[in-house]
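Taken in sequence, the protein lines are chains B, A and H. If you want this note's numbering, it's the position in the first sequence, counting the first as 1, plus 413. If you want this note's numbering, it's the position in the second sequence, counting the first as 1, plus 712. If you want this note's numbering, it's the position in the third sequence, counting the first as 1, plus 129.
Please keep in mind that the hints were generated in silico from the structure rather than gathered at the bench. One should not assume that every hint holds.
As the list claims (entries may be wrong) - Under the rule of at most 27 Å between Cα atoms (straight-line distance), these lysine-lysine pairs were calculated in the BS3-like manner: (1) H:K145 <-> H:K354; (2) A:K873 <-> B:K458; (3) H:K161 <-> H:K140; (4) B:K659 <-> A:K841; (5) B:K458 <-> A:K841; (6) H:K254 <-> A:K722; (7) H:K355 <-> H:K343; (8) A:K778 <-> A:K757; (9) H:K206 <-> B:K617; (10) B:K432 <-> H:K206; (11) A:K722 <-> A:K768; (12) B:K615 <-> B:K432; (13) A:K911 <-> B:K458; (14) B:K519 <-> A:K841; (15) B:K615 <-> A:K841; (16) B:K615 <-> A:K1074; (17) B:K617 <-> B:K632; (18) B:K632 <-> H:K354; (19) B:K615 <-> H:K140; (20) H:K161 <-> H:K368; (21) B:K615 <-> A:K714; (22) B:K432 <-> A:K1074.
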Amino acid sequence: MRTILFLIQKEFLQIFRNKGMIPIIFAVPIVQLVIIVHAATFELKNVNLYVVDNDRTTTSRSIIHQFEGSHFFSLSGFSFNYSDGEESLRRNSSDAVLCIPRGFEKKLVEGQSTGFQMVVNAINGSAGGLINGYTVSMVNEFNRGLSSGRANFTLTKPKFIDLTYSFWYNPELNYTTFMVPGILVILVTVISLLLSGMNIVKEKEIGTIEQINVSPIRKYQFITGKLVPTLIIALFELSFGLVIGKIFFNIPLEGNLLLLFLSAFIYILVILGMGLMVSTFANTQQQAMFVSFFFMIVFLLMSGLFTSVENMPQWAQTLNQINPVAHFIRIIRMILLKGSGFQDIQNNLAYLLGLAFLSLSLAIRRYRKTV
Amino acid sequence: MKKFIGFIIKEFHHIFRDNRTLVILFGMPVVQLLLFGYVITNEIKDARIAILDHSKDIVTREITVKLLSSGYFILDRNLSDDSEIHSIFQQGKVKEVIVFEPGFADKLEKTGRAGVQILADASEPNTAKMLVNYTNGILMGYVQSLNRLQTQQVQIQAEVKMQYNPGLKGVFMFVPGIIAMLLTLISALMTSISLTREKELGTMEVLLASPLRPIQIILGKVTPYLLLSFINAMMIILIGHFVFGVPVHGSLILLMSVTMLFILTALSLGILISTITDSQQVAMMLSMVGLMLPTILLSGFIYPIENMPLWLQVICQAMPPKWFIIMIKDIMLKGSGIEYIWKEILVLSLMTLFFIALSIKKFKIRLA
Amino acid sequence: MSETEPVIIVKDLVKKFGSFIANDHLSFEVYKGEIFGFLGANGAGKTTAIRILCGLSSPTSGEIMVAGYNAYNEADKIKKNIGYMSQKFSLYEDLTVTENIRLYGGIYGLSRKEIRSRTAELLEKLEIASVKDTLIRDLPLGWRQKLAFSVAIIHQPGIVFLDEPTGGVDPITRRQFWEMIYVTAHEGITVFVTTHYLDEAEYCDRVTIMTDGKIMALDTPLNLKKQFEVNTINEVFLKLARNT
């Protein structure tokens, strides 16, 4: 036990003596929170619309007006020539081109159905879909205006379904409350992975590990000495992130914080075990970091942090059952946002606990062999 | 020159002897493309919903069938009481509950209106919003078809043409992003680490004491990564093209040149980072936070820049991958020529020069 | 010096890496308190042998006893009784002098009080009290090597293994370093040292010359020179090398 304390003391000294490390430990959470929270939104607030009006009539103008009047579209240019519209699409100066053909009003007056064309830059598929949806609803509204103006055409009243929405747990659809817990997960993961595994590889690379191996230190003592400081720093980062989240983004802290920290503790053990595994077969930090990075990207992208897990194909969802990041993101979101209790997360927690045990014991076993 | 070539060859050996890194180096683009192509999607598919039908009549059943046959939703369960809603949301699987008011069909027939309540679990706001939008669309469509049967009216139709990506495929958006990400990873991250490694192990001093000039040392360390990056970028474009059908409309030469330019930018960034620190761990953290995060988040790779707050958009202008991604999209998807992207080329070139100048300055200070 | 008490006994030590034989049937004994030199060119198998003796690597076959313990199943006990200074620099460069001493003292189970007194002793002996709070990386190489040696024997082991301790060090520091080795041996600590500086062999009580994984000669420097009818160990080595 005393030996471990000496080792822990040494690790802390080294971590805090590393000039770049302190700013990183404090700056990373802030930068991540501020940037990711504001950057990560699919919401389309504004579509630059280029208008090509070949009809130049009252009706065409009133359609254009309708688009202009919505919050969603703003006019970025106007022309009588379609190729101008296409050019602006190509130059990225507009997102969509509205083209009203000649004879548009005439047909309408004659009682024929008619239409216009909306050319959308659909490279971003989901944005394209949204623009499509908005366009359709604009047109529906316009049609409704048409039919009410000619109400005598219809014998029965058109039917409506009254829709009321309510968004639970996050009534304003505040993106921040959704992202912050996820970002805290990234934070904890990156710190744990880099500080633990990398640290051992660093000792291998520099050669100091030889001196340790030739001493009577037991492997578990050495590993504990490496893990405890990282664990403390990672938990500190989590608390720090939570405080910042609370102060600056006013994220809800619905559930039991103790439960949250218990879960975080177990999760960090899993990540530490994985970092350790990487360190047992990597000889250079570059190697270790490359391997860690690869798994981290895969885990994070699949975890449902940036895109919802539910939208993934079934095989990916099944695969996600083994992804510790996905489990922890679920846990942290449920505790923070919904105030879920132990019962709601016990399966995730049990899995993480099992994984922590497995990864740590495998890592320690493997670690012995290499020496 | 001979010495210099020998040094490059040594660096190559160094990388190629490391099988694991190589496997990942070439496995990474494949896995990531597959992930993005198939897994990372923000389209709704098979979302679990619950229905609380207080009415249970023909109309509500018809609407339910419409919803479930849309492909967006799967029925997780039917509820019988309001009190159940909270608990199923807490369990976390069901994302939306649809509540039909009692006597739905009757009301619709007699008064012309009836109520539906949509409750969404908005702890994931993007999903919630999309779910509600889709539900809304389906209900509207249903009402429209009811009304169309009864009325004859003049209508305007909008024909929406999806330019550049008619299938609205997510990969079109992601392929350029993945190229940017991998190039940053290999060029900037790996270079910064391999250079700081020499410093950390003290071998940099040995190299500097050798007859090789500092610039040759750096070029020697950097050249293998340049080649690897380039091969990787081409691999992604090939996979994107043949597996996911992402077109290359523009000039291949232009595409390659632009890729080369971005690799140079990333390499110069890597060199810059290595002049700042002696510790591989710090280099990693810096690259991770200073390079990877911006590449993923602030480059328009996943999240469109136009939707960000203005101050963040300003920051995005300083991110090299942002400019690269615009160019790649323009060349590959729009088939644009150099006349459309000269501005971006200029910006990236200036950035590269700036990074190199800064590194040289830092390097000189260190040596002095 | 008593030649009666062997602290290291090696019989037919073989170490193979695949088909490459790094140590080919080595047999020798090292006696308490002597300075035992392990000579050979780079790649002769010196480091492999020393790593096996320290328990850092396991032998393919052969009998090995170190400090009275069997290297196969009592490696832990061996580790308590030996000190080791490796070819690669082994102190933490980002820790200060005292922090390094404290760490290794702690690792070897010294009490806080012992650590304090040993630290003071050491700082005085090496005359480095003025730099006790300096990071190792800011010390000149010679000082670091001397400190590394002192730290390797902080727990007063029975045997200390030095693997190329004077590599890259200037001649003056090398002299001082060997003086430290003498003092250590005088205190009863057996010193097992590998080197490829053949002149250093003259300082050893007995030397072993290795080429290609085999022991070619083992005796006191004086006897070796007599046997090969030459004036320096260097010439002994050249003669041996010519014969193989």
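>> Going through the numbered hints above, which ones does this structure break? Give me the numbers in ascending order.
In response: 1, 6, 10, 11, 13, 14, 15, 18, 19, 20, 21
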